[in-house]
Amino acid sequence: MKELHSIVLQLRQAQQDPQAADDFIEQYLPFIRSETAKCTGRPLHETEDELSIAMFAFYEAMMAYRSDKGAFLPLAAVAIRNRLIDLNRRNPRHRPSLSLDAPQGEEDSRTLADTVADTDDALSSYHDRAATAQEIEEFSTSLAAFSLSLTEVAENCPQQERTLHACMAAVDYAKHQPQLLEQLLTTGKLPITQLAQGSGTPRKTLERHRKYLVAALLAYTNGFEIIRGHLQAVKRREALEA
Amino acid sequence: MTYLVMECHYGYAIVLDTQGRYLKVANRNYLVGQQVTDVIPFEAPKKQINTRRWANIGAFAACLCMVVSLWLVMLLPFGTVRLQINPDVLLTVNRLNFVIKAEGLNEDGKALLQGFDYHRMKLPQVSDALADRATAEGYLTEDGVILVTVSCRNEQWQAETEAALVAELRQHMNDTVTVAPNAESHQQWADDDWDDDWDGDDDDDWDDDWDDDDWDD
Chain A
287 MKELHSIVLQ LRQAQQDPQA ADDFIEQYLP FIRSETAKCT GRPLHETEDE LSIAMFAFYE
347 AMMAYRSDKG AFLPLAAVAI RNRLIDLNRR NPRHRPSLSL DAPQGEEDSR TLADTVADTD
407 DALSSYHDRA ATAQEIEEFS TSLAAFSLSL TEVAENCPQQ ERTLHACMAA VDYAKHQPQL
467 LEQLLTTGKL PITQLAQGSG TPRKTLERHR KYLVAALLAY TNGFEIIRGH LQAVKRREAL
527 EA
Chain B
97 MTYLVMECHY GYAIVLDTQG RYLKVANRNY LVGQQVTDVI PFEAPKKQIN TRRWANIGAF
157 AACLCMVVSL WLVMLLPFGT VRLQINPDVL LTVNRLNFVI KAEGLNEDGK ALLQGFDYHR
217 MKLPQVSDAL ADRATAEGYL TEDGVILVTV SCRNEQWQAE TEAALVAELR QHMNDTVTVA
277 PNAESHQQWA DDDWDDDWDG DDDDDWDDDW DDDDWDD
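Chains A and B supply the protein sequences, listed in that same order. One gets this note's numbering by counting positions in the first sequence from 1 and adding 286 to each. One gets this note's numbering by counting positions in the second sequence from 1 and adding 96 to each.
Don't read these hints as lab results, they were simulated from the structure. Being a predicted model, the structure only gives us computed values, none of them experimental. For every residue, glycine included, the Cβ atom is placed at its ideal position computed from N, Cα and C. Treat each hint with caution, since some may be false.
Listed next, with one range per pair, are the computed distances between beta-carbon atoms [what the hints assert, rightly or not]:
id, chain 1, residue 1, chain 2, residue 2, range
1, B, Asn125, A, Gln313, 33 to 43 Å
2, B, Ala157, A, Thr449, 29 to 39 Å
3, B, Asn152, A, Glu334, 43 to 53 Å
4, A, Thr479, B, Cys159, 14 to 24 Å
Some, not all, of what chain B presents toward chain A, calculated at C-beta under 7 Å [to be verified]:
id, residue
5, Leu100
6, His105
7, Tyr106
8, Tyr108
9, Gly116
10, Tyr118
11, Glu139
12, Arg191
Calculated Cβ distances over 10 Å to all of chain B for the following chain A residues [unchecked claim]:
id, residue
13, Leu359
14, Thr397
15, Ala399
16, Ala440
17, Arg496
18, Asn508
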């Protein structure tokens, strides 16, 4: 009973704090591994997709858990099983596939992998990813100056298409008003009144998605070219197609 | 759709899509800065419905409905019955034919009702008891007359109740007195004081003089 009580307390903390959620998942990793092995019928390697999905299902169960609805671990077990069944449906086992290691023919000893050209420049990709990771780290640090984390931003992100467009209208307006971005950086406050008046987006909508807007505007301040490039990729593609 | 992995946790990853959405997705061994195309989005827990609260509200609404229904059925006047012996008595009945009010319309009527408890009694019982009391107190003698007048907006109920009450009184008094419906009474709804459509007659069913009784007295 005492142990159950401590789980509930840990879960409540994990629902509020992403770090506590990570700690909780790490603590229950043997349980997650065991439940995943029950579903797959084989022991799992650390990096296998099934284990990642099981950890994600465990996290979803943590977020959905209410102490008045019963014990947590059975709920987590069901969540893991359901997610793994979904994964199996997405990746049918018996889909016809070619092995890269299969020989080309009886006389030709080369494999398929030997004949396929490698278009990926691994070194360049590594450098690109490292640069992106560094920029994202700087972005996270800038967000922390506003007492925000990326998890909070994701939780505050508009869910509906219409709301997202309304928020993006405010961001588009701010992009053409550098003084507003400057004001955000110097004062640490979102210029909601100016954004609402300039973009025509209702003030209430902007206030409801304040955290998201801070992150969205911050990406358009100096120094986050890669993130901006990622956001504008679709617009560029659309412009080219037009 | 391409997603840029922004943050990785044990249970999930935060990705940024090309439309500017920050999403929580399954962390399939992603690395920060990686670009991915196929993600499994986080399913936000559905809002819990507070069943206990809704049950309380439902129970309260049901109780309220019951009280209102009870009031409509038991306490709301449905029709009136006037018994003219010589004592003139007006009985108010509810939808279940229980007498909810009895008043004397003249001094003898008031005297007849003195000390008479009509509660939890149906109309035939009350009319029989009043006929007996009138006989006992000397108001009703052999060959006397009881005029019965039933008034209600529901004409079918009015006609049925009047016929049943006349038959009941006749049987109860063993035909020693004359019991008859008051022929003049059927004009009561029309013969009120107000001609409310100003066309010289009052042929609707509205009790437009707003007083408690509809007698053209």
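Could you check that no beta carbon of chain B comes within 10 Å of the beta carbon of A/Leu359? 16 Å, holds
When you take the CB atoms of B/Asn125 and A/Gln313, is the distance between them in 33 to 43 Å? With Cβ atoms ~20 Å apart, the hint is violated.
Claimed clearance of chain B by A/Ala399, with the beta carbon kept past 10 Å: 22 Å, holds
Per the CB criterion, is B/Tyr118 less than 7 Å away from chain A? At 4 Å from the nearest chain A Cβ, B/Tyr118 passes the 7 Å test, so the hint holds.
Close enough to count: is the Cβ of B/Glu139 nearer than 7 Å to one in chain A? 6 Å, holds
Using the beta carbons of B/Asn152 and A/Glu334, state whether their distance is inside 43 to 53 Å or not. 49 Å, holds
Satisfaction of the B/Tyr108 interface hint, Cβ to chain A closer than 7 Å: OK, holds: B/Tyr108 within 7 Å of chain A, min 5 Å.
With 7 Å as the cut and Cβ atoms as the points, is B/Arg191 at the interface with chain A? 45 Å, violated
Taking the CB of B/Ala157 and the CB of A/Thr449, does the distance hold inside 29 to 39 Å? 34 Å, holds
Taking 7 Å as the limit, does the beta-carbon of B/Leu100 come near enough to a beta-carbon in chain A? With a closest approach of 5 Å, the B/Leu100 hint holds.
Should the hint that B/His105 touches chain A count as held when the rule is a Cβ pair under 7 Å? 5 Å, holds
Against chain B, does A/Asn508 keep a CB gap of more than 10 Å to every residue? 18 Å, holds
When the structure is compared with the earlier hints, violations turn up for hints 1, 4, 12 and 16 and for no others.
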